[in-house]
Structures are given as structure tokens and as C-alpha cells.
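Enquirer: Take the given structure of chain A and dock chain B to it, following the hints.
Just so you know, the protein sequences line up as chains A and B, in that order.
With our numbering, the residue at position 91 of the first sequence is 154, and numbering never jumps.
With our numbering, the residue at position 6 of the second sequence is 564, and numbering never jumps.
Hints are supplied without guarantee of correctness; some may be wrong.
With beta-carbon atoms standing in for the labels, derived distance ranges [to be verified]:
1) R591(B) x C81(A): 14 to 24 Å
2) L565(B) x T124(A): 18 to 28 Å
3) L565(B) x L129(A): 25 to 35 Å
4) D664(B) x R121(A): 26 to 36 Å
5) L633(B) x W71(A): 19 to 29 Å
6) D664(B) x L133(A): 38 to 48 Å
7) A670(B) x L129(A): 49 to 59 Å
Covered stretches of chain A, going by a simulated chain B footprint (3 or more residues, C-beta under 8 Å) [as the list claims (entries may be wrong)]:
8) 65 to 75
9) 112 to 121
10) 124 to 130
It is worth saying that the hints were derived from the structure and are not from the lab.
In this text, a Cβ means the ideal position worked out from N, Cα and C, and glycines have one as well.
Now for the letters of each chain:
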Amino acid sequence: MSVTIVSWALLGAHAILCVAMLLAAIRVFIGPRAQDRILAFDAVYLNAALQVILLGIRAGTSAFFLAALLMGLLGFVSTAALAKFLMRGEVIE
Amino acid sequence: MITQLPLWAAILVALLLLGGAMLVLLGSLGLLRAPTFYSRVHPPTLGFTLGMSGILFASIVYFSVTGRRLAVQELLLIVFLPVVTPVTMMLLARAAIFRDRRLRRDDDEAYARSVQVAEELAQAEDEAARHPEREEEPPS
Numbered sequence: 064m065s066v067t068i069v070s071w072a073l074l075g076a077h078a079i080l081c082v083a084m085l086l087a088a089i090r091v092f093i094g095p096r097a098q099d100r101i102l103a104f105d106a107v108y109l110n111a112a113l114q115v116i117l118l119g120i121r122a123g124t125s126a127f128f129l130a131a132l133l134m135g136l137l138g139f140v141s142t143a144a145l146a147k148f149l150m151r152g153e154v155i156e
Numbered sequence: 559m560i561t562q563l564p565l566w567a568a569i570l571v572a573l574l575l576l577g578g579a580m581l582v583l584l585g586s587l588g589l590l591r592a593p594t595f596y597s598r599v600h601p602p603t604l605g606f607t608l609g610m611s612g613i614l615f616a617s618i619v620y621f622s623v624t625g626r627r628l629a630v631q632e633l634l635l636i637v638f639l640p641v642v643t644p645v646t647m648m649l650l651a652r653a654a655i656f657r658d659r660r661l662r663r664d665d666d667e668a669y670a671r672s673v674q675v676a677e678e679l680a681q682a683e684d685e686a687a688r689h690p691e692r693e694e695e696p697p698s
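Bound-form chain A, shown alone (with noise of 0.2 Å):
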């Protein structure tokens, strides 16, 4: 019974999270401006970190949860980088 309501909860979560990192993406192509698209991608970047914790909830290990750590941490130092290139860069105006 117990095993039955995690199990679908977790599918559950699952969906929901395939939307919204699909409503993300739709935003990373059509935002109009640079700093839209990397605010999308950033959203899609943690969506699959927190898709990576649910599948270590699902298999009982500690790797994924390594694994979402690590994509966080990448996630932050990218989009960082990025917001820095928007702020110095000349490229792309």
C-alpha cells in the first residue's frame, strides 16, 4: 500500500516536471532576449537536477544524489558565467 502511493507519487512528479521543463524550453527558444533564454535554461538545468534526486529516491542510492549536486553546482557556475558575459562581453548586442 505504502510502496504504491511513493511509487506513484514519484511518477507523478515525474510528469509534472517533464512539463514544466518543457514550458522552459519552449521559453529558451522563443525568448526574445539573451537573458531570457539563459534564465529558461537555467530553470531547465534544475529541473533535471531535482528528475535526478527523484530517480535516487526511486533507486535507494547515493550516487544521484551526488550526481544532482554536481549539476547544481554547474548550474549556478554556469549561469553565473553567463550573467558575467552579459554584463562585459560586446558580442552579441
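Expert: Leaving out everything else, chain B in the frame of chain A:
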């Protein structure tokens, strides 16, 4: 493989999981539907911070109740991810403000230059109207 756990823990885990996922979905929906960039920054920040906290708390409850291991890595994630997300969005908003200010300054400079050119043109036309014979003199 999902292990057996008491019913209250299962319901708590399910509620936290679904609530966190719904908050993340709300954040992404706001990201898609808000009209300007500065209103698009807010929904992912709020939704992702709360949604990630919910999903990580669900993971903590699950692994603590099943007793498979100590929930330390989730604590690391809880300290790290929801704190870092608003910081990245703030950096991005600052970059956007900087770009908008630079764009507006460029626009102002172009406008001032066009006004100056128009004034010079008007002065030249006045000069030409005041001295019409100069125009008709053939250049020697």
C-alpha cells in the same frame, strides 16, 4: 527499489513530492507566461526555491524513515540549491538591468546626435535663404 515504510510516512512523502513538483511547474508556467523579463525573473525564483525544498524534504523523510542511511547529502543539497538559485537569478537580473541601461544610453546619444545634425541643416538652409546670390554664383 522502494522499500516498505509506514503509511503516514508514505502519505507525507507523496504530498511533499507532488507539492514540490507543482510549485516547480508553477514557476515554469510563470516563466513562460509573464510579459517582460523583469516579471519573468520572479516566478522561477520563488517556485524553484520552494519546490526544491519540498522535494528534498520528501527525500529526507523517505530515507530517514526507511533507515537505509543517514540523510546527510540531502542536507547538503538543501543548504546549497535553494540558497544558490535566488543568487543566480539576482545576478541575471543585474546583468539585464546593466544591458538595458546601456541600450537606453546608446539611444539617447543617437537622439542627441540626430538633433544636432538637424539643427546644423536648418542653419545651413537659413544661410542659403539669406544669401541667395551666393548659390547661383558659378564656382570659379
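Enquirer: Each of the hints needs a verdict: does it hold here or not?
Expert: Results of checking the hints against the structure:
1. Checked against the hint of 14 to 24 Å, the pair R591(B) and C81(A) passes, with Cβ atoms roughly 18 Å apart.
2. One distance hint, 18 to 28 Å for the beta-carbon pair L565(B) and T124(A), holds here, with the actual separation near 25 Å.
3. A C-beta distance of roughly 31 Å is found between L565(B) and L129(A), which places it inside the suggested range of 25 to 35 Å.
4. Between D664(B) and R121(A) the CB atoms are about 52 Å apart, so this pair departs from the stated range of 26 to 36 Å.
5. In this structure, L633(B) and W71(A) meet the distance hint of 19 to 29 Å, their C-beta atoms being roughly 27 Å apart.
6. The beta-carbon spacing between D664(B) and L133(A), approximately 40 Å, falls within the hinted interval of 38 to 48 Å.
7. The hinted window of 49 to 59 Å between A670(B) and L129(A) holds, with their beta carbons roughly 56 Å apart.
8. Counting residues of the segment 65 to 75 of chain A whose C-beta lies closer than 8 Å to any C-beta of chain B gives 9; at least three are required, and the coverage claim holds.
9. With 7 residues carrying a beta carbon less than 8 Å from a beta carbon of chain B, the segment 112 to 121 of chain A meets the three-residue requirement, and the given coverage holds.
10. Remark: the segment 124 to 130 of chain A is confirmed as covered by chain B, as 3 of its residues place a Cβ nearer than 8 Å to a Cβ of that chain, reaching the required three.
Checked against the numbered hints above, the structure violates only hint 4.
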